[in-house]
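All chains, please: the whole structure from these sequences, using the hints.
Which chain is which? The protein sequence lines are A and B, in order. Position 30, counted from 1, in the first sequence is what the numbering used here calls 37; the numbers after and before it change by one each time, with no gaps. Position 478, counted from 1, in the second sequence is what the numbering used here calls 479; the numbers after and before it change by one each time, with no gaps.
If you're looking for bench data, these hints aren't it; they were derived computationally from the structure. Warning: the hint list may mix true and false statements.
Here are the simulated lysine-lysine pairs, DSS-like style, with alpha carbons at most 27 angstroms apart [to be verified]: (1) 471(B) x 449(B); (2) 85(B) x 19(A); (3) 85(B) x 49(A); (4) 19(A) x 94(B); (5) 37(B) x 225(B); (6) 85(B) x 142(B); (7) 225(B) x 101(B); (8) 19(A) x 30(A); (9) 466(B) x 399(B); (10) 19(A) x 142(B); (11) 471(B) x 423(B); (12) 303(B) x 319(B); (13) 466(B) x 436(B); (14) 225(B) x 94(B); (15) 399(B) x 319(B); (16) 423(B) x 476(B); (17) 399(B) x 436(B); (18) 101(B) x 85(B); (19) 85(B) x 199(B); (20) 403(B) x 471(B); (21) 85(B) x 30(A); (22) 199(B) x 37(B); (23) 19(A) x 101(B); (24) 101(B) x 49(A); (25) 142(B) x 225(B); (26) 30(A) x 94(B); (27) 19(A) x 225(B).
Not close to chain A: a few residues of chain B, all C-beta gaps over 10 angstroms, as computed [to be verified]: (28) 85; (29) 363; (30) 368; (31) 421; (32) 425; (33) 457; (34) 490.
Here the structure is a predicted model, which is why all the values come from computation and not from measurement. We put the beta carbon where it would ideally sit given N, CA and C, even for glycine.
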Amino acid sequence: MAEGFDIDHLAKLARLSLTAEEKALYASQLGQVLGHFQALAKADLPATADDARVVDESALRSDEPGPVLGVEAVTRLAPASRDGQISVPRVVDDES
Amino acid sequence: MSQAPSDWEVVIGLEVHVQLRTRAKVFASSPWGFGKEPNEQVDPVVLGLPGTLPVVNREAVEKAVLFGLVVGAEIPERCAWDRKNYFYPDNPKNYQLTQKDFPVVVGGRVEIELPGPSRNVMGEHRFVRIHHAHLEEDVGKLSHAGGGSLVDYNRAGVPLLEIVTEPDLRSAAEAEAFLRSLVAMLTQAGVADCDMEKGQLRCDCNVSVRRRGDARLGTRTETKNLNSISSVRDTVLHETARQVRELEAGRSITQETRGWNAELARGYVLRDKEDAHDYRYFPDPDIPALRISRETVARLAKQVPENLYDRQRRYVEKLGLPYTAASVLVNDRALAEWFEAAVAAHPANPSGVANLVANDLLRDLSAAVPPIPLSACPIRPASLAGLVKLTDEGVISKQQAKEVFAEMFSTGNEAAAIVDAKGLRQNSDTGELEKIIREVVADPSVAKSIAEYRAGNEKAINALKGPIMKRTQGKANPGLVDQLLRRILG
Numbered sequence: 008m009a010e011g012f013d014i015d016h017l018a019k020l021a022r023l024s025l026t027a028e029e030k031a032l033y034a035s036q037l038g039q040v041l042g043h044f045q046a047l048a049k050a051d052l053p054a055t056a057d058d059a060r061v062v063d064e065s066a067l068r069s070d071e072p073g074p075v076l077g078v079e080a081v082t083r084l085a086p087a088s089r090d091g092q093i094s095v096p097r098v099v100d101d102e103s
Numbered sequence: 002m003s004q005a006p007s008d009w010e011v012v013i014g015l016e017v018h019v020q021l022r023t024r025a026k027v028f029a030s031s032p033w034g035f036g037k038e039p040n041e042q043v044d045p046v047v048l049g050l051p052g053t054l055p056v057v058n059r060e061a062v063e064k065a066v067l068f069g070l071v072v073g074a075e076i077p078e079r080c081a082w083d084r085k086n087y088f089y090p091d092n093p094k095n096y097q098l099t100q101k102d103f104p105v106v107v108g109g110r111v112e113i114e115l116p117g118p119s120r121n122v123m124g125e126h127r128f129v130r131i132h133h134a135h136l137e138e139d140v141g142k143l144s145h146a147g148g149g150s151l152v153d154y155n156r157a158g159v160p161l162l163e164i165v166t167e168p169d170l171r172s173a174a175e176a177e178a179f180l181r182s183l184v185a186m187l188t189q190a191g192v193a194d195c196d197m198e199k200g201q202l203r204c205d206c207n208v209s210v211r212r213r214g215d216a217r218l219g220t221r222t223e224t225k226n227l228n229s230i231s232s233v234r235d236t237v238l239h240e241t242a243r244q245v246r247e248l249e250a251g252r253s254i255t256q257e258t259r260g261w262n263a264e265l266a267r268g269y270v271l272r273d274k275e276d277a278h279d280y281r282y283f284p285d286p287d288i289p290a291l292r293i294s295r296e297t298v299a300r301l302a303k304q305v306p307e308n309l310y311d312r313q314r315r316y317v318e319k320l321g322l323p324y325t326a327a328s329v330l331v332n333d334r335a336l337a338e339w340f341e342a343a344v345a346a347h348p349a350n351p352s353g354v355a356n357l358v359a360n361d362l363l364r365d366l367s368a369a370v371p372p373i374p375l376s377a378c379p380i381r382p383a384s385l386a387g388l389v390k391l392t393d394e395g396v397i398s399k400q401q402a403k404e405v406f407a408e409m410f411s412t413g414n415e416a417a418a419i420v421d422a423k424g425l426r427q428n429s430d431t432g433e434l435e436k437i438i439r440e441v442v443a444d445p446s447v448a449k450s451i452a453e454y455r456a457g458n459e460k461a462i463n464a465l466k467g468p469i470m471k472r473t474q475g476k477a478n479p480g481l482v483d484q485l486l487r488r489i490l491g
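Dropping the structure here:
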């Protein structure tokens, strides 16, 4: 397993249930990806390299409301709905 | 409930989430607003459907920058957005777009005013430092019904500014004062409406306690999603008492996330969203970092209104207003500007104007059914100034001014016109008045009072004023009556 991550923990965070074989495979593949990024991180780049991903305010959107999907279209996207709302298994974050 | 025992000190930091005043959402063009049917205000970008691309709303950025300028913060040249990953149904994309490392606002401070010893005495002023504020998207709303939960995504994607303080607050009263001051600043600058009944301002409250004099901070708990100032105050009071009780019993404080049940007035431990602390933040690949030009910052700086406490100091020190009136006026920018327009029309007596605005006008506006907003006030600032001027010049008495005010409020007419129409002008004609006074004084029925007055009983003179006012149908100028009466009685 590559250093820097725990495949079991990542699988749990991603809500994935993996077999032992899959864990080994993904750990190896993810290790390669991370290794690649570690190599990139070591590259000696000028401080302005980041600027390629910086835009100015002309890239902003004006505050004009646009069209909406409509309640029916929204609820149709979900496996279950009720009274125009999306129905999910009970999630509890309150005292009840 | 009392404050922490004196050998304990409470340390509070707040994270205040404020919905910014925009028409469209922060990364999507879907409109948003209160009182819509569930899921009416949702578009594909809000849901994060495949192929959609979020684009940042200029107005949301500018409102965030404006807030920064209001609190004297730094506006970094560059800000950027990150994905905060978690699985929870309030979040349609499984990540929330937020700013982790490069927030739009860094630093700044908010002046607060603590309650004084009484309502007419100003309390202590302090500054609370802002750590930073970041621009993110609000999440959907869950409600629980029967065996399941229902999700409404109208709120998802609403521009949310999270304002994070330094742990500078030391009491429930300070937390309350901070929130009041912050709300005034946000609303006066037009950054946000902060209507707490509509959930436009929500607060997470970090509380820890330590022995007084201890430099290290104690273990803190975070109470989430408080939607009123009173809930923040109550949470601080209860959490302080609870932590002190635990520590004094020899137990330790667990770093935990808590909720507050306002109905039962008690806190509780939130069942942790599993691994919620591990959000695996990474820079959002869809939204490039944004460079905010110094020209934009300079333009927005011109929109920063006068700070409410600077205004209060100006009213008290330069205009000579009593603190009670000044503090009422400065809390509402429109009201303060209304007052200033009236003072501009009659600069000789700002206190007289302030008194009518802060007492009579506010009372009648709110007592109306339905209450009248200041923007629809039937009296114009210059008209109110006219009323104060008539009173100052002795044309009508203060008592009559109340009557004229009521008439102005119900008809919108000018003070002078009402005074004339009702024949209220005080009789200041010395000749006519003197004649009436001499007649009254000559009446044998008042001879006893006159004798008493001449014998040195000052108050006895009042017995003569009644019949004089009656003869003039209340129109005589009381000051003039007094003056003439004393001269005639010698």
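Each hint, compared with the structure:
1. Under the criterion of a C-alpha separation no larger than 27 angstroms, the hint pairing residue 471(B) with residue 449(B) is consistent with the structure, at around 19 angstroms.
2. Note on residue 85(B) and residue 19(A): the hinted pairing holds, with a Cα-Cα distance of about 16 angstroms set against a maximum of 27 angstroms.
3. The suggested pairing of residue 85(B) with residue 49(A) holds, with an alpha-carbon distance near 26 angstroms, which does not exceed 27 angstroms.
4. A C-alpha spacing of about 18 angstroms is found between residue 19(A) and residue 94(B), which places the hinted pair at or below 27 angstroms, so the restraint holds.
5. At most 27 angstroms may separate the alpha-carbon atoms for a hinted pair to count; residue 37(B) and residue 225(B) meet this at roughly 25 angstroms.
6. Note on residue 85(B) and residue 142(B): the hinted pairing holds, with a Cα-Cα distance of about 18 angstroms set against a maximum of 27 angstroms.
7. Under the criterion of a C-alpha separation no larger than 27 angstroms, the hint pairing residue 225(B) with residue 101(B) is consistent with the structure, at around 19 angstroms.
8. Under the criterion of a C-alpha separation no larger than 27 angstroms, the hint pairing residue 19(A) with residue 30(A) is consistent with the structure, at around 12 angstroms.
9. Note on residue 466(B) and residue 399(B): the hinted pairing holds, with a Cα-Cα distance of about 17 angstroms set against a maximum of 27 angstroms.
10. Straight-line distance between C-alpha atoms of residue 19(A) and residue 142(B) comes to about 25 angstroms, which keeps the hinted pair within the 27 angstroms bound.
11. Between the alpha carbons of residue 471(B) and residue 423(B) the distance comes to roughly 17 angstroms, so the proposed pair stays at or under 27 angstroms and holds.
12. Of the supplied pair hints, the one linking residue 303(B) and residue 319(B) holds, its CA atoms being roughly 24 angstroms apart against a limit of 27 angstroms.
13. With a C-alpha separation of about 14 angstroms, the suggested pair residue 466(B) and residue 436(B) falls inside the 27 angstroms cut-off, and the hint holds.
14. Between residue 225(B) and residue 94(B), the direct Cα distance comes to roughly 22 angstroms. Compliance with the 27 angstroms bound is thereby established for this hinted pair.
15. With a CA separation close to 25 angstroms, the supplied pair residue 399(B) and residue 319(B) stays within the 27 angstroms bound.
16. The hinted pair formed by residue 423(B) and residue 476(B) meets the criterion: a straight-line CA distance of about 11 angstroms does not exceed 27 angstroms.
17. Our distance criterion of 27 angstroms between C-alpha atoms is met by residue 399(B) and residue 436(B), whose separation comes to about 25 angstroms.
18. Restraint check for residue 101(B) and residue 85(B): satisfied, since their Cα atoms lie roughly 9 angstroms apart, inside the 27 angstroms limit.
19. At most 27 angstroms may separate the alpha-carbon atoms for a hinted pair to count; residue 85(B) and residue 199(B) meet this at roughly 25 angstroms.
20. Simply put, residue 403(B) and residue 471(B) have alpha-carbon atoms about 20 angstroms apart, close enough for the 27 angstroms limit, and the pair holds.
21. For the hint linking residue 85(B) to residue 30(A), the alpha-carbon distance of about 24 angstroms falls within 27 angstroms, and the restraint holds.
22. For the given pair, residue 199(B) sits about 12 angstroms from residue 37(B) by alpha-carbon distance, which is consistent with the 27 angstroms threshold.
23. Restraint check for residue 19(A) and residue 101(B): the C-alpha separation of about 23 angstroms stays at or below 27 angstroms, so the hint holds.
24. In summary, the hint linking residue 101(B) to residue 49(A) is supported, as the alpha carbons are separated by about 23 angstroms, within the 27 angstroms threshold.
25. Our distance criterion of 27 angstroms between C-alpha atoms is met by residue 142(B) and residue 225(B), whose separation comes to about 15 angstroms.
26. For the given pair, residue 30(A) sits about 25 angstroms from residue 94(B) by alpha-carbon distance, which is consistent with the 27 angstroms threshold.
27. A distance of roughly 25 angstroms separates the Cα atoms of residue 19(A) and residue 225(B); the hinted pair therefore holds under the 27 angstroms criterion.
28. The beta carbon of residue 85(B) is kept farther than 10 angstroms from every beta carbon of chain A, the shortest such distance being approximately 12 angstroms.
29. A cut-off of 10 angstroms between C-beta atoms confirms that residue 363(B) is not in contact with chain A; the least separation is 33 angstroms.
30. For residue 368(B), the shortest C-beta to C-beta distance to chain A comes to about 37 angstroms, beyond the 10 angstroms cut-off, and the non-interface label holds.
31. Listed as a non-interface residue, residue 421(B) keeps its Cβ farther than 10 angstroms from every Cβ of chain A; the least gap is roughly 51 angstroms.
32. The Cβ of residue 425(B) lies farther than 10 angstroms from every Cβ of chain A, with a closest approach of about 52 angstroms, so its non-interface assignment holds.
33. Taking the minimum C-beta to C-beta distance to chain A, about 76 angstroms, the non-interface status of residue 457(B) holds against the 10 angstroms cut.
34. Remark: the non-interface label on residue 490(B) is consistent with the geometry, its nearest Cβ contact in chain A lying 75 angstroms away (cut-off 10 angstroms).
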